[in-house]
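**Student:** We have chain A already, so just place chain B on it with the hints.
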Amino acid sequence: MTRHTDDDGGAERAADRAGHDQAATDGGVESATGGSDSAELDPDAYDPVDVFPGGDLDLREGADSCYKCTSCDTSCPVAEVDEEFPGPKFQGPEQWRLKRKEDHDIDESITSCSNCMRCDDACPSSVPLSQMHNEARGQYVEEQMEKLSVEYLRNRVLANYRTSARLASVFPRTASFVMNFGPVRWGMEKALGIPKERDFPEFATETFREWWKARGGAQVQNPDKRVAYFHGCYSNFNTPEVGKAMVRVYEHFGYEVMVPPQKCSGTPMFANGMLKDARRHAETNVESLVAAIGEGADVIASCTSCSLSLRQEYPELFDIHGIEDVSEHTYEALEYLRIHEDLDGELAESELADEQSFAYHAPCHARNQGLSRQAVETFRDVDGVTMEDVGDSCSGISGTYGWKEEKYEKSMKIGAEMFEHMEEADGDVGMTECPTCAMQMEHGTGYEIKHPLQLLEDAVGA
Amino acid sequence: MAIDSDVLVVGGGLAAITAAAAAAREGADVRLVSHKSSTLRQASGLIDALGYVPATEPAQPLREGPPTAGRELDPDDWPDPEGPLADPFEAIDRLPESHPYRTVGADALGDGLSLFDELTGEMYRGGHTDRNALVPTFGGSVKPTARYPAAAEAGIASDDRPTLIVGFRSLTDYDARAFAGRLEAAGVPFDVAGAEVEFAEAFRADTKITRLAKALDHDEEIDGVPAREALAKAVAPHLHDVVDEAGGVDRVERVGFPAFLGDQHGEAVREELADRLGADVFEIPMGPPSLPGLRLEDRLYDALDEAGVRFETGNPVVGIETQSDGAIETVSVDRKGRETPYGADAFVLATGGLVGKGLDSDREGVTEPAFGLHVEQPADRYEWFVDDAFGDQPYARFGVRIDEEGRALDEAGAPAYENVFAAGGVVGGADVAREKSASGVSLATGVVAGRRAAKEASQ
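So the protein sequences, as listed, match chains A and B.
Just so we're aligned, residue 1 is where the first sequence starts under the working numbering, counting upward by one.
Just so we're aligned, residue 1 is where the second sequence starts under the working numbering, counting upward by one.
Calculated directly from the structure, the hints in this document are not laboratory data.
Please read all numbers here as calculations on a predicted model, not as lab measurements.
Don't take every hint at face value.
Unchecked claim - Covered stretches of chain B (in silico footprint by chain A; criterion: 3 or more residues with CB under 8 angstroms from a CB of chain A, positions within the stretch not fixed):
no., segment
1, 35 to 45
2, 206 to 212
3, 307 to 316
4, 335 to 344
Claimed, not checked - Taking beta-carbon pairs under 8 angstroms as the criterion, some of the chain B residues facing chain A (in silico):
no., residue
5, I3
6, A86
7, P289
8, L294
9, K357
10, F385
Unchecked claim - Every beta carbon over 10 angstroms from chain B, so not counted as near; a handful from chain A, in silico:
no., residue
11, V81
12, L98
13, L153
14, R279
15, Q356
16, F419
Heads up, the beta-carbon is just placed ideally off N, CA and C, and yes, glycines get one too.
For reference, chain A alone in the conformation it holds in the complex (with noise of 0.2 angstroms):
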């Protein structure tokens, strides 16, 4: 990480004092909990929050509270797999007192940590362990990974999916098909190793946003109960019909459902240690979704990745203007609605016009929300509906983990016990939040996948 310029330097006079030229992320050196070599305390050095680019991340407290239960390690689906992977607590608390001394190198193993955040959960001390993670990966990339290494090229481009997807959508049928191409995927492999096993998802032929266009915006003005849409990449160039669905139940609820403008949440960047590009779009979106709750609108996302991102990784990672607003603000789709609308009242009249079995996979990132349940639970009493959680392992893909040739095999190890709970279960529809988690299902059943939200559309007729 380069060293910031720009502000006072408080950070680094600290560091200079102390005779230390140490890294300004390295993770509270300086911190106002004590971690300073320096005898005297300056209050002007302490910012704990400012991190990217420059500021000084406090992490110290969080590493005094580890007591090594190791409950985060028996949490973690790539430990279970891979016995190279030294853990949680090891990428987290440890290697952060590691890193007190100087010329100590993040571990590489860093790289092999999928951001799945289980441990987050995991941890009875609430050490924040994913920051810990966040900040480590991204000073490993930024300070000892090869900038023209295939692999930093190939991690950039996953994890900036937008971009490609971008693009692949202004000829949404040749990119479905030249992606796929069995030569192009060979030489993807060869060249970017990326796993010519995964079919890429299709681009629609009509993005969420041109379709939102095209049907006039918001056809429910209510400026007492309004939603700023964030719908993600996904929602937008691939699966459209889950952003349609979140349109019309939110319409049926009465809601004004605003779209402002948007990029990616940056869940994609930080698994990739890709923390300035990251930094980049969050400043877009805090701008257009704080623009958003001046006119009193909730955001809502229908990805819980991007959720999460926006609640726990923006204030942990970022400090942007109006960056705590957004996180207070916002909410997953169907928690939204559990909370302000009489949901089950609304779907204990309703009934499906054909049965339904659903092998629901709860993602990891939900997890964290406490939302690990909140489908079997809202759906599993509607008549006509059968909802089967399929367990709580990990569907090992993990956002562009899977996605990569040397990570490709651990992910299906990964992801074996979900395909074989899936089998089990009645229901051959699976069902989950996380757009990637749906592409690993999809992949290793062959099942169709559908978003809750989707299945609310279809009982509550919006």
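**Tutor:** Quick look at chain B alone, frame taken from chain A:
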């Protein structure tokens, strides 16, 4: 609009699960909210009820006044705890009057254990008797326990068959030979030997126990040999390691492994190993990370799912939102920065003790952070603890006091709220570490709190 249920259980451990299951059986619509994944994954998987009755008075009081620490007074002389107890039930009367067992009664313990038996089914043993079993644990001691996993059954210490304890160099916190030595020193009625074998050597030294379990679950190949076969082959040369008192060599009849013999398919792993070794196979419960704890967590949450209980983890209950007429109406759940009201007719607080963070402490005092319930404690911080680390530590008994129906009490000993019940580690009065009673207290108070909460909700 609040997220409503008849009964809201706050917490995710054994007491919370027991309360939720008990309330659901009374017909209540139950929701369980837990801040984090269940701490059962840190538990040994053994279900103790009461193993010892520790003395609460020094044998010879050497000085006047309350017990204090750090004031350089002569330490008191404490008698050894009574035990290991053969029968946990008959000893309840000898516990201090403020002990939760005395409050909710021995029947509650029996009911809690019965409910546990029903929830776990074939997975657990010990339900055939009221008496304690003696199970070897990973420290090399023998623990009196009321219920134990089927996986540990062949290891019962009252069994006199010669035993081999297997260890791996790569599992650094588990030394099989030292373990066997300690068992012998404890006077177990069987001959025992410890052996370190080469199996986990194929993995690096800090390989997670979940990795080993997964390899055995799926019988993955290790250096070309299926994992279960490789493990049996590694153990086979040691089947005659046990030497009896007369110097005779016995073929072992049972083999104990650290508890990593599979996660999802543990039974199949044990059966195959037993078959290959021609000896019974058992697991020795370990400290965290604990597979027996993880398996129990999975089983109990499946049981809650089957009972129609709604549950969620990830967000903490941070306080009471609304109350009227001495009853709580809604509590606040912090959903990543936004507080959302959760309403119920009755609430069960089962957030754990000082370790589980159901109790919080600083220099000023010990508090119960979720509902702000009263925690009895001496005003002088020096009276919270005593010098003898293994002595009768007052802080060990800190917690919320309850009445015989499980209602949380206020400072004056009256119900704090009509509809708030407490269970498990957050309840004070027991010194569970010395008594070996943590699980039993959770089961007994959990079953009472759950039933009464359901009744309260139906009124």
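**Student:** So, for every hint listed, does it hold in this structure?
**Tutor:** Hint check results:
With 5 residues having a Cβ less than 8 angstroms from any Cβ of chain A, the segment 35 to 45 of chain B passes the three-residue criterion, so the hint holds. Against chain A, the segment 206 to 212 of chain B contributes 6 residues with a C-beta closer than 8 angstroms to a partner C-beta. That satisfies the three-residue criterion, and the hint holds. Coverage of the segment 307 to 316 of chain B by chain A holds in this model, with 6 residues showing a Cβ closer than 8 angstroms to a Cβ of that chain against a need of three. Counting residues of the segment 335 to 344 of chain B whose C-beta sits closer than 8 angstroms to any C-beta of chain A gives 5, which meets the bar of three, so the coverage hint holds.
Interface hint status for I3 of chain B: upheld, as the beta-carbon distance to the closest one in chain A is roughly 7 angstroms, under 8 angstroms. Restraint check, A86 of chain B versus chain A: the minimum CB separation of about 33 angstroms is more than 8 angstroms; hint violated. The restraint placing P289 of chain B at the interface with chain A holds, with a minimum CB-CB distance near 4 angstroms, inside the 8 angstroms limit. Satisfaction of the interface hint for L294 of chain B is found here, the shortest Cβ-Cβ separation to chain A being roughly 6 angstroms, below the 8 angstroms cut-off.
Below 8 angstroms, beta-carbon pairs count as interface contacts, and K357 of chain B has one with chain A at about 7 angstroms; its hint therefore holds. Taking 8 angstroms as the C-beta contact cut-off toward chain A, the hint placing F385 of chain B at the interface is violated, the least distance being around 19 angstroms. Listed as a non-interface residue, V81 of chain A fails to keep its Cβ farther than 10 angstroms from every Cβ of chain B; the least gap is roughly 6 angstroms. With a cut of 10 angstroms on Cβ distances, L98 of chain A stays outside the contact zone with chain B, its closest approach being about 14 angstroms.
At roughly 30 angstroms, the least C-beta separation between L153 of chain A and chain B is larger than 10 angstroms, which holds for a residue marked as non-interface. Interface exclusion of R279 of chain A from chain B stands, the closest Cβ pair being 20 angstroms apart, more than 10 angstroms. With a cut of 10 angstroms on Cβ distances, Q356 of chain A stays outside the contact zone with chain B, its closest approach being about 20 angstroms. Distance to chain B confirms F419 of chain A as a non-interface residue, since its nearest Cβ pair spans about 13 angstroms, more than 10 angstroms.
Checked against the numbered hints listed earlier, the structure breaks hints 6, 10, 11; every other hint is satisfied.
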